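Trainee: Just need the whole structure built from these sequences, with the hints factored in.
There are 2 protein chains.
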Amino acid sequence: MSEFGFGVDIGGTTIKLGLFGVEGVLLDKWEIPTRKDDGGKYILEDIAKEIEAKLVEKNVPKYNCAGVGMGVPGPIKEDGTVLKCVNLGWGIFNVADELSKMISMPVKVGNDANMAALGESWQGGGKGYQNQVMVTLGTGVGGGIILDGKMISGVNGAAGEIGHIKINQEEQDTCGCGKCGCLEQYASATGIVKEAKKALNNTDKPSKLREVSYISAKEIFDAAKTGDELANELVEKLGENLGLALAHISCVVDPEVYVIGGGVSKAGDILIQVVQKHYKKNAFHASRDVKFALATLGNDAGIWGGAKLIFGK
Amino acid sequence: MSEFGFGVDIGGTTIKLGLFGVEGVLLDKWEIPTRKDDGGKYILEDIAKEIEAKLVEKNVPKYNCAGVGMGVPGPIKEDGTVLKCVNLGWGIFNVADELSKMISMPVKVGNDANMAALGESWQGGGKGYQNQVMVTLGTGVGGGIILDGKMISGVNGAAGEIGHIKINQEEQDTCGCGKCGCLEQYASATGIVKEAKKALNNTDKPSKLREVSYISAKEIFDAAKTGDELANELVEKLGENLGLALAHISCVVDPEVYVIGGGVSKAGDILIQVVQKHYKKNAFHASRDVKFALATLGNDAGIWGGAKLIFGK
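The listed protein sequences correspond, in order, to chains L and E.
Per this note's numbering: the first sequence = residues 1 to 313.
Per this note's numbering: the second sequence = residues 1 to 313.
Heads up, some of the hints might be wrong.
As the list claims (entries may be wrong) - If the Cβ cut is set under 8 angstroms, some of the chain L residues that face chain E in the computed set are: (1) LEU55; (2) VAL56; (3) VAL60; (4) ASN131; (5) GLY157; (6) ILE165; (7) ALA247; (8) ALA286.
Unchecked claim - With a cut-off of at most 30 angstroms between alpha-carbon atoms, the simulated BS3-like pairs for lysine-lysine come out as follows: (9) E:LYS127 to E:LYS29; (10) E:LYS280 to L:LYS179; (11) E:LYS29 to L:LYS280; (12) L:LYS291 to E:LYS179; (13) L:LYS277 to E:LYS179.
Because the hints were derived from the structure by calculation, they are not lab data.
In this text, all values refer to a predicted model and were calculated from it rather than measured experimentally.
All C-beta atoms, glycine included, are put in the ideal place defined by N, C-alpha and C.
Mentor: In structure tokens, the structure reads:
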């Protein structure tokens with residue numbers, strides 16, 4: 001059995017890479033920018049160069065390396081075929097085969113949110129649970145469904161695309177996916193800010209947020225923690241939307257724990273509490289006492305998940 | 001390996017029983033009334049008597065019988081513990097252990113909707129698909145989630161409780177589960193009729209349904225097929241609600257096929273078409289081309305599923 005493996009997480013701005021030991025140790029991690037020029041054709045080349053260089057630097061022979069596990073921001077089939085990654089400019093092709101040819105090592109590919117879920121369930125907030133749903137509140141809203149310890153990918157690679165559960169029938173604004181009223185439009189970092197701006201424009205209510213020049217999810221939660229009424233309304237509404245969507249999910253897979261990660265989850269307990277409150281209101285009685293936990297691996301969850309994917313069980 | 005096994009489906013009114021051959025043949029089936037007196041304490045006794053009598057009648061020795069697979073109308077844990085069956089008057093106890101002691105044979109128990117799903121996936125409308133969601137539109141709305149050929153039961157036995165996905169935030173009427181706005185309130189046989197009565201009371205629109213003394217889902221679909229405007233609006237609304245809920249489910253498990261069963265599904269193609277139309281509007285793009293099929297085993301799906309549960313893979 002190989003001692004080493006790489007985890008790679010391709011984002012719209014940066015690519016994160018990590019060298020791992022099979023027993024679950026992160027030996028080295030680094031980042032490179034995501035070159036999206038020319039339909040993203042340099043992305044895999046850049047990754048291949050980084051990996052070859054790291055193997056030389058660390059003096060790791062390829063036969064002692066399990067390969068590369070990689071997360072990409074879009075739906076992926078089990079064979080490694082990506083079905084369009086609008087954020088990267090990619091069309092439809094087999095990412096796993098392509099990179100594998102370049103580096104002459106095995107490559108496995110999954111959806112980035114699924115990879116983060118796998119990482120968190122291996123060594124993070126979900127460690128020890130066999131049935132869990134990871135919710136990633138970042139630029140978008142992603143999810144990863146783990147049942148009996150195994151990641152569910154879905155027939156079209158779209159299992160866990162929980163950001164596109166439609167929770168508002170009245171919404172007129174369009175989501176990145178083309179539909180209107182998706183969870184992602186309200187519970188992503190960008191969605192939260194957009195809702196805040198709407199609320200600030202639509203009322204005269206005093207709020208600390210009016211004095212902030214650049215509003216992010218952090219400012220909203222910080223203001224809410226100090227008792228700001230408008231900020232608290234926004235947090236409540238976020239909890240309502242997210243709690244409702246998670247209640248839907250429990251009616252389908254009935255997990256043991258929801259692990260909440262992504263940049264927005266840095267808000268901590270205030271987020272967990274408001275989501276849990278609204279979850280309980282909307283959940284089927286048998287699933288009402290599901291656990292909620294915060295993700296612990298932060299931005300590294302994706303590379304941990306990649307490593308777990310290539311190491312296997 | 002045993003040649004024979006029993007499938008049992010406990011309903012609120014009748015208990016269906018079937019004797020099966022392991023290769024997937026229904027050898028005999030019959031029904032008895034469900035005695036709900038005294039907290040449903042006679043139900044398992046009645047089933048035990050029926051099974052013992054059938055073994056004698058058919059001259060099947062117990063060593064040649066795999067046992068009994070049984071569906072009950074409520075959430076069930078994997079170990080066979082039922083978490084209240086309001087329809088039967090049952091509290092919390094281990095149904096599998098109890099019946100097994102009475103008949104000295106192995107007993108496995110699952111949720112009735114899950115059993116119907118297992119039956120349909122074994123020998124019915126879902127035959128040949130490894131990833132499917134069975135939707136049962138009967139007195140209530142149940143579901144069964146089969147991933148990689150295996151039934152998902154959930155940590156609290158509530159996986160596939162899709163009738164309790166909340167699809168209407170404005171609803172004031174309470175669902176049997178205690179929440180308001182559950183899918184079951186609109187898409188069950190009783191829910192459809194309730195919505196029809198509301199519509200007939202709230203408008204003066206002419207409709208054939210006004211001449212029907214006892215409205216059931218069948219009359220509504222029959223009227224819709226002949227072009228009745230009000231009936232068509234009702235069918236459209238049903239499609240909207242069901243299509244939306246199934247789109248939610250695809251964002252979680254992304255199945256290959258939805259198999260629609262239960263009494264309401266006798267409406268046939270008109271139901272599939274309207275559900276599919278609204279599903280496509282609400283589904284995430286990668287999952288938009290999921291297949292829809294009608295269940296084929298009718299009221300026997302539950303006993304087929306019970307048999308499959310006890311025979312195993």
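Trainee: Please go over all the hints and tell whether each is borne out by the structure.
Mentor: Each hint, compared with the structure:
1. LEU55: violated (35 angstroms)
2. VAL56: For L:VAL56, the interface hint is violated, since the closest Cβ of chain E sits about 39 angstroms away, which is over 8 angstroms.
3. VAL60: Result: violated, 34 angstroms to nearest chain E Cβ.
4. ASN131: holds (5 angstroms)
5. GLY157: This hint holds: L:GLY157 lies near chain E, its Cβ roughly 6 angstroms from the closest one there, short of 8 angstroms.
6. ILE165: At about 5 angstroms, which falls below the 8 angstroms cut-off, the nearest Cβ of chain E leaves the hint on L:ILE165 intact, so it holds.
7. ALA247: This interface hint holds because 7 angstroms falls under the 8 angstroms limit.
8. ALA286: L:ALA286 check passes; min Cβ-Cβ to chain E is 4 angstroms, inside 8 angstroms.
9. E:LYS127 to E:LYS29: This hinted pair holds, its Cα atoms lying about 21 angstroms apart.
10. E:LYS280 to L:LYS179: holds (11 angstroms)
11. E:LYS29 to L:LYS280: Judged against 30 angstroms, a Cα distance of about 42 angstroms means the pair is violated.
12. L:LYS291 to E:LYS179: holds (20 angstroms)
13. L:LYS277 to E:LYS179: holds (15 angstroms)
The structure does not agree with the numbered hints 1, 2, 3 and 11 stated previously, though it agrees with the rest.
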